[in-house]
Amino acid sequence: MTTNKPVPFKESRIFSTTFLLVLMGFLASFVPYENWSLLAVNMGLAGLCSILFFVFWLKTKHESKRYFSLLSYVMIIALAIYFVIPFFRVFAGQLISWLGMVLIIIMIILPFLNRESIATGFVNPSKNLVGKYFYTVFTLIFGFGVIFFSTINFSENPNAIALSSFFFIFALLFLFIAPIMLIKPSRVKELEK
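So the sequence shown is residues 1 to 193, counted in our numbering.
If you're looking for bench data, these hints aren't it; they were derived computationally from the structure. Treat each hint with caution, since some may be false.
[What the hints assert, rightly or not] Pairwise CB distance ranges, derived in the manner of DEER restraints:
#	residue 1	residue 2	range
1	Ser37	Lys189	18 to 28 Å
2	Asn4	Ser97	42 to 52 Å
3	Leu99	Ile51	11 to 21 Å
4	Leu20	Lys61	14 to 24 Å
5	Val123	Val41	32 to 42 Å
6	Thr139	Asn4	11 to 21 Å
7	Leu163	Pro8	12 to 22 Å
8	Leu163	Leu140	17 to 27 Å
9	Pro8	Tyr33	34 to 44 Å
[Claimed, not checked] DMTMM-like mimics (lysine to aspartate or glutamate), calculated; alpha carbons at most 20 Å apart, straight line:
#	residue 1	residue 2
10	Lys61	Glu116
11	Lys65	Glu116
12	Lys10	Glu116
13	Lys59	Glu116
14	Lys65	Glu11
15	Lys10	Glu63
16	Lys5	Glu116
17	Lys5	Glu63
18	Lys61	Glu192
19	Lys189	Glu63
20	Lys61	Glu11
21	Lys184	Glu116
22	Lys184	Glu63
Note that beta-carbon positions come from the ideal geometry of N, C-alpha and C, so glycine has one too.
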């Protein structure tokens, strides 16, 4: 097991994580076509995340586990935001985009409320019924997929459909696991027992 040690600034991964977010924000601004206003918003989000990373480092630089879990949480949420953008751009104004929005809201609320159960399922699978959450999540994703493929022919840009749906599924998975990162390391040790 790793020890909880101080994090020097050069090992904080602030620049590399920010670069990843800038790159993904740039790419999300160009699927299915370029949108310069969206690029500005995405770069602003990457900048905000960079500021958060620095604040997290200032406050938790002596607790590496906590620092990297907070950094990971913000990174995963930002990536989830970037990953849903192409989907909503491809299916704007269609029923599927509203269903996707409802699914995103569910995937933000349910895992956040049940983060300790999900974490227990990851650190000690025999102790809880996290399978119910996985079953619920994948049922929602499957149900969404059925509706999605029934409306696939109505898209203006069929070339972007596969990419946007691939990213959307990853966004749902990211939203499912992200709240686990908010649990303090001491609480995770309790959940392991």
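Here is how each hint holds up against the structure:
For the hinted restraint 18 to 28 Å between Ser37 and Lys189, the CB-CB distance of approximately 46 Å leaves it violated. The given range of 42 to 52 Å is respected by Asn4 and Ser97, whose C-beta atoms sit roughly 43 Å from each other. Restraint check, Leu99 to Ile51: a C-beta distance of roughly 34 Å breaks the suggested window 11 to 21 Å. The hinted range of 14 to 24 Å is satisfied by Leu20 and Lys61, whose Cβ atoms lie roughly 21 Å apart.
Taking 32 to 42 Å as the suggested C-beta distance range, the pair Val123 and Val41 conforms, at roughly 36 Å. For the pair Thr139 and Asn4, the supplied restraint of 11 to 21 Å is violated, since their beta-carbon distance comes to about 38 Å. Distance hint for Leu163 and Pro8: a CB-CB separation of about 38 Å, inconsistent with the stated range 12 to 22 Å. A hinted range of 17 to 27 Å for the beta carbons of Leu163 and Leu140 is consistent with their spacing of about 21 Å.
At roughly 43 Å, the beta-carbon separation of Pro8 and Tyr33 lies within the given 34 to 44 Å, and the hint holds. Taken as a hint, the Lys61 and Glu116 pair is broken in the structure, with Cα atoms around 24 Å apart against an allowance of 20 Å. The straight-line distance between the Cα atoms of Lys65 and Glu116 is roughly 17 Å, inside the 20 Å bound, and the hint therefore holds. Restraint check for Lys10 and Glu116: the C-alpha separation of about 32 Å exceeds 20 Å, so the hint is violated.
As the CA atoms of Lys59 and Glu116 are separated by approximately 24 Å, the hinted pair breaks the 20 Å bound. A distance of roughly 13 Å separates the Cα atoms of Lys65 and Glu11; the hinted pair therefore holds under the 20 Å criterion. Taking the CA atoms of Lys10 and Glu63, the gap is about 15 Å. The hint holds against a cut of 20 Å. A hinted pair counts as satisfied when its Cα atoms are at most 20 Å apart, and Lys5 with Glu116 does not qualify at roughly 24 Å.
Taken as a hint, the Lys5 and Glu63 pair is honoured in the structure, with Cα atoms around 6 Å apart against an allowance of 20 Å. At roughly 25 Å between alpha-carbon atoms, Lys61 and Glu192 are farther apart than 20 Å, so this suggested pair is violated. Only pairs whose Cα atoms come within 20 Å are accepted, and Lys189 paired with Glu63 is accepted, the gap being roughly 15 Å. A threshold of 20 Å between alpha carbons decides the hint, and for Lys61 with Glu11 the separation of about 10 Å falls inside it, so the pair holds.
A threshold of 20 Å between alpha carbons decides the hint, and for Lys184 with Glu116 the separation of about 10 Å falls inside it, so the pair holds. Taken as a hint, the Lys184 and Glu63 pair is honoured in the structure, with Cα atoms around 11 Å apart against an allowance of 20 Å.
Violated hints, in rising order: 1, 3, 6, 7, 10, 12, 13, 16, 18; the structure is consistent with all others.
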